[in-house]
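Protein chains in written order, with my numbering: chain A, 1 to 599; chain B, 600 to 983.
Footprint (simulated), chain A over chain B, 3 or more residues, beta carbon under 8 Å:
#, stretch
1, 868–879
2, 917–930
3, 967–974
Over 12 Å on every C-beta distance to chain B, these chain A residues come out as not near it, computed from the model:
#, residue
4, R96
5, A125
6, M229
With a straight-line Cα cutoff of 30 Å, these simulated BS3-like cross-link-like pairs (lysine-lysine) come out:
#, chain 1, residue 1, chain 2, residue 2
7, B, K881, A, K572
8, A, K266, A, K221
9, A, K566, B, K621
10, B, K812, A, K564
11, A, K519, B, K812
12, A, K319, A, K576
What the hints contain is simulated information worked out from the structure, not anything from laboratory work. The model shown is predicted, which means the values in this text are computed figures rather than measured ones. Where a beta carbon is used, it is the ideal one built from N, C-alpha and C, also for glycine.
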Amino acid sequence: MTDLAHIRNFSIVAHIDHGKSTLADRLIQSTNTVSEREMKEQLLDAMDIERERGITIKANTVRIEYIAQDGDTYVLNLIDTPGHVDFAYEVSRSMRAVEGSLLVVDSTQGVEAQTLANVYQAIDADHEIVPVLNKIDLPASEPERVKEQIEDVIGIDASEAMLVSAKSGIGIAETLEAIIKRLPAPKGDRNAPLKAMLVDSWYDPYLGVVVLVRIMDGVLKKGDQIKMMQTDAKYQVDRIGVFRPAMQNVTELGPGEIGFLTAQIKQVRDTKVGDTITTEKKGCEKPLPGFKPSIPVVFCGLFPVDSAEFEDLRDAIEKLALNDASFSYEMETSAALGFGFRCGFLGLLHLEVIRDRIEREYDIELITTAPSVIYHVYMRDGSKIDLHNPADMPDMTHVDHIEEPRIKATIMVPDEYLGDVLKLCQDRRGIQMDLTYVGGRAMAVYDLPLNEVVFDFYDRLKSVTKGYASFDYQLEGYREDNLVKMQILVNDEPVDALSMMVHRDRAEMRGRAMCEKLKDLIPRHMFKIPIQAAIGGKVIARETLAALRKDVTAKCYGGDATRKRKLLDKQKAGKKKMRQFGKVDIPQEAFISALKMDN
Amino acid sequence: MTEDWEAGGFGIYIHWPFCAAKCPYCDFNSHVSRQIDEDRWRRAYLNEIDRHAAETPGRVVRSIFFGGGTPSLMDPATVAAILDRIRMRWPQANDLEVTLEANPGSVESGRFRDYFGAGVSRVSMGVQALNDRDLQRLGRIHSVDEALRAFDIARSVFDRVSFDLIYARQDQTPEDWRAELGRALDLAVDHLSLYQLTIEDGTAFGDRYRIGKLRGLPDEDSAAAMYDITQEVTTNAGFPIYEVSNHARPGAESRHNTLYWRYGDYVGIGPGAHGRLTLNGKRFATEAIRMPNGWLDAVDQGSGDAGRSVLTTEDQATEFMLMGLRLVDGVDMRRYQDLAGRPVSPQAIGSLQDLGMVEVEANILRVTDRGRLVLNSVIATLLE
Ligand SMILES: Nc1nc2c(ncn2[C@@H]2O[C@H](COP(=O)(O)OP(=O)(O)OP(=O)(O)O)[C@@H](O)[C@H]2O)c(=O)[nH]1
Ligand SMILES: C[S@@+](CC[C@H](N)C(=O)[O-])C[C@H]1O[C@@H](n2cnc3c(N)ncnc32)[C@H](O)[C@@H]1O
Ligand code: SF4
Ligand SMILES: [Mg+2]
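Chain B extracted, bound-state conformation (with noise of 0.2 Å):
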């Protein structure tokens, strides 16, 4: 009998959780730190990488993601040696997919090659805006054109090369963001991610918009019409929406997210990682420690856990759900009834598709684009 997560693949996703500064709209699990210890944080990775490796032998993993944080402030050979064990413990599809998330500075750009070398075959560049005053409001400490050169660079290093950008932000209005989003598909090689800015709680962001100093951010409606913009721009460009936030060539769509949105089983490594895995029938909810140093010495004495719950049926059913339909191809629906033991409420359905929302072919259940801009009421009105 097949499991659930087959249905998505398996994965790995390795956290770096350091940054060269602290961005202050980012709520990730990412921290400034002036001495890191590559060594222990190496030998971490790869006990980290045993013990799961254990866990889930013969296991073909699809791909591999490094996250942050900026692990391109690692060094390469630590990146080396961590595909090299990984390499060592699990069988890997044919054409797996490594992807390693880079901060556009000069720093980073200079160890492309070596990190190609050491088998990562994809970059995610985080640009974030194509103007210095709006970088600089965004606390990011690279210009347009240092993001541009390392941009080159990566280019000429690897095949596949994806960018986010940050918009919906400050005094920013829908015909700024079309021609910013002109210029970025002028540039973009086969994937791009375009984030609204989101104001998070424990950000400086979320501070200062709490106490009514972070002014100029678009209304309600007018960051609706840049992300209708944001359909109709891209779609014109080749580069068409896939998942709620993600672009890309028609092929060229991450599998790792794609992993995740499917719902995949993945293995979570590093400080604050969450992982999913199906062990003995059971699906697990892992995480990790969230505070670097505090895992360091969790793995030193065996585990980087900070626990590990069991998912119900239940809650699969509901996961299952919440990450997939983000997907422009949908979910199917019989994966949710063998979950839940029961099916998606057809009342719900039947609501949402009068309201123009979602639409269903065969098993296949999708949101239109107008629902995918409501999705978590969608979502919600699905779930209840």
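Only chain A is shown next, with the shape it has when bound in the complex (with noise of 0.2 Å):
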């Protein structure tokens, strides 16, 4: 147990990529909380996804504890967060946990979306905030103009902005001094009935649900009979401490303390992000005030490829629910497809993201349908329904009219890429309400359809950007438009997985796009397959995917037959990671890359 004044709260936030896990590298390195061989590149980033990708998705707590300048000993619990929109979520929930942000800017690159964005929620939670500019090892690094852009911009003091390079090292004792002197101490009693926040809980094969918390009021020690207050949900604690990265128990955790606890717990649902966790007996009066729910954007059904695998399914789901508050799903049957569920996620990263984790650390192969926003669907008889799947869009007949899902997207881009990020949010239905200069970069604010970002907007802006363009969102509401349902026939068979509402005027042009894409990702038949795009009964695009012609072994090999009979093996296998729709065998990679447009 430690003295509140003797310990530091605080996240790392910054744009993706400015450097946030490598400055917690360096943090936790200087304190010498792990050993030189533990040691590696973004430590925190532990799952195969993450090291893959070279991002955070997962916000990750540290304790470290740091001999100050002064001789004392501070404890700082540290939260590295991940910089994707997608997982925005996971940021705003960290700092509600702790009381200051260290703000990291790449001092070569600037203010970006997802920093302003990240600026705003650290004010919103009280935070102070210490600004970080990383990178000034590289050439290219400007932290005189990076300053400017941020008092512009943000409208924060950056005269006392850390100059940091995380790889090298440079300004990390200074920025741990900062830590302790402008970062604020936690408040709490000691002596108060226990109230801890439920901040974050995920599912471990060896200690079944484990839970991050932060000790508000009151001591939380082992064997306590606990209450979580909204579920109402009761356990007594088995086991409580702290993360180094490595857990490590310990007796107690006190006011301003950040830990962990286990308890036997069996029910996903009794740990709800944003809980008040509190003693059975003689327990806190007054909850937290809890988080704003997580609301899901994007949602797709997720099959198995081979339907025995359904109940497999079922439990990685379940357990990867329990990881991720902003994930959900429900099940779902489709007439092609079987069981399976329709997911819910915060965007299509979000989706790729646990698709690729279900697969890989599950062993499941999955098909995963067209991506798809909530619409409103208002019928001629008053009643409205939620439409999370366009294979259920009622008849067209009964609808009286269609409301979709707008977003205020923020663009920030260097002059010169200006003309295209405009053109592809004027492509995308895209209605321009703001557009200013800021340090030397151009900010625009768009109103745009929810459903023509969720895909790959993202990719596109990246692309005619050449990665200098950030974007950043939040959902603003819904609004009537023309839309309709299209379908997608193979060999005149309709496929419910690839039907989407579409915009009647962007109709033609994508489908056209998806037959075309279709007629690359479909491998050749033996007979000649048409493909076609329809609204109603209407064909709006056609393209047919020609029949194979040539398949044959030419040469004999003597008497190898073990050679052909491993070729048709492998012939098999391929025909497995696909799924067939009347004849035809359809990859499963074509659900999603049919969706992904050129333009």
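Combine both chains into one complex, guided by the hints.
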């Protein structure tokens, strides 16, 4: 137990790739939290997908002990957060558990869209903010220009910004001092009833459900009988500890401290992030305000390629949902794909990450159906349907009108690419709301339909601006538009998993693009295959996949029949990765790839 | 009770794993070596013959095939010793066929008469192309003239001569191929093997192809067109197709390859050679050690086998179809049913018939000319 004055809690926030995790490495290293042998780059990005993609997906907490220049030892709890917009919820949640933020800005890039978004959140959370200009080792670093930008754009004082190279260790000592001098110590009353914030929870194969908590008041001890105030679930605590970053047991956690507890928790739904944990008897009166719930905005169906794996998929999804409060799911059945789940995500990267994790960590091959947003369908009879799945679209004759979700998108981009960005937004039915120049960059604010963005807008934006644009968005509400359901017919059979809602004016173009894409994605068969896009009964685009012309092994290799058999097995294995629709085998990746557009 | 292999017969394959040079497209088990202790090789072949003969006494040998590599680099005395030993160990059919693969160089052709004397009755020559530019591109070390001279000698010595051509080569158009094939048919004696160039992993062509440096290969449509031209031209010349890549005057089909395609039993001797042997009611797949010296050493220790596995009846049924459907004559579906314990899927046959890919007559299932070009897909559908 540490006294409050010697605790500092903070999150490290930044735009994607500005160096949060690398800064966390240096802070961990320079305080000798882990041995040299255990140290590696982006130590906290432990998941395979994080290491492969080089990004942080999950916020991570570490407790470090720092001996300050005043000779005292401080306990610092740092939370490294993800930078990608899809994981913004991880950031906002983490911020609720701490009192301050290190705002990392890449001094070769300057303020980006997520920098702004993070600052607003930090201000919202009443944080003290310490700006950190990172990557000053690089020749392209312009700390003075970026300081100005921070003051102009964000409006916070940057005169005392830290000058850091997280890579080479410059400015780390100063940053540690600034943390204890400039960030406030937490408040709390040791003698008050227990009041702890349930920050996060996840499933650990050895320990079961692990709960990340921030103690506000009181003391949490092993053996305590606790209660989750919202869900009213009661448990006995069987272990408490802190992350260094490996789990280390402690005997108690006091006010201001961040750590974990386990308690034989079986029910996933018992641990609701944002809930308040107190003792069963003599608990606190008033719960914490809780978190704003995260709202999934992209939905798609996940089906096992091998339908026998449905139960395994259920198990995997339940466990992952526990790790990830912003992922939702419900069971779904499809005529063509059998049993599966309709899942909700915060964005496409989030979707890809979950899909990847199910495939790898649980070894289940998946078919992913076309992602969709939620439409509000108003029926003639006055009723309203929340449409998550275009396959469920009612007959148009009964529909009065349809509303779609819109977002407010903020895009920051160097001037020379502005033209391309404006065109992209225009093409995606965007309405310009603001265009200003901040620190030598343009900032465009657009009102855009979410369904035009969800899918590949971010990829397109990156490619038209060679990676120089940054992007952030917020949901703004619903608006009516001329929306229709477009069906895709392969070999004259409608493929539900490929149907989508589109704006009527964009239907021909999207239909054509889909048909062309599918023509490349579906392997040739022994017969020719028409691929059509249709609205109602009307075909609006059509391609024909020519029949396979040649597929035969020329040579006979003496009596090596084994070789032929292996070839056949390989062919069969390839076929297993596809799903049959009528007589046509469609590769699973087609369901997502077909939707990516080239403009 | 008759065993399944009897419908195909019994034969012997001898693999000679050396070549004068390695062709860039070739993934056969062939090696270039300066020092070949041919006495030791001869002893090894003879030992292996003895070992296999002890397991298959009394089988009537219908055909023997010397393949490679380049068996025409073998000393005729070695060939003679092998054939003598086979004759000593097994009874032979009256019309025993003994084929030897030959490269069309001058050295090789000088040995043809001695091979004939040793008992070889048929040669199969790797002519590959009828123009020098393409021979060079294929990495061949002989010219068209040399090939033609070797071929003349072969023809004067043997009644039965076949040669191989590789087509669908770089920068070859369907019309180029039509002309070349016409000339080939003017020369042909009784048999032709016409292989479309296949780019194999692990070959020089494979490597070049992967990095995009093997240009001018015909696309799928033009390769298909060349295949169709091949059928038209050979049929008109009296050399109809009898297997995916093989053409013969009626009656002159290669007995040895037919034995594979009818899924008979065969002994495979020499590095990397495969065999299929039915022993005590079980069918074995045998495979010899691939590396030449490894094989020699193993034979010294008693056996050149790298492994031997029992084929399930399901595997056998699959192999029977994979091999048999290559033949224009097709397969007898009762054999499949006897092996697999169930008939070939009527739905699969039905849908393939609708597409014009297969025909059924009594118990015979055959692929059509169209179906043959996509045989891998046809078989995958049948055996799904
Ligand atoms: N030259 C230089 N490179 C740096 C520095 N800090 C980070 N990097 C590099 O920048 C890249 C991104 O660093 P990360 O620490 O993963 O960035 P992040 O902000 O955690 O990224 P996300 O978690 O994906 O948002 C890596 O390649 C780092 O090696 C620095 O001070 N100097
Ligand atoms: C094992 S080779 C032996 C013949 C002999 N060594 C020669 O090359 O003349 C048998 C035949 O297979 C054919 N062949 C080998 N590799 C091939 C490939 N990659 N594509 C097509 N045919 C091939 C050639 O026509 C060759 O003559
Ligand atoms: S094609 Fe014939 S000569 Fe060329 S490497 Fe292969 S086996 Fe040897
Ligand atoms: Mg990171």
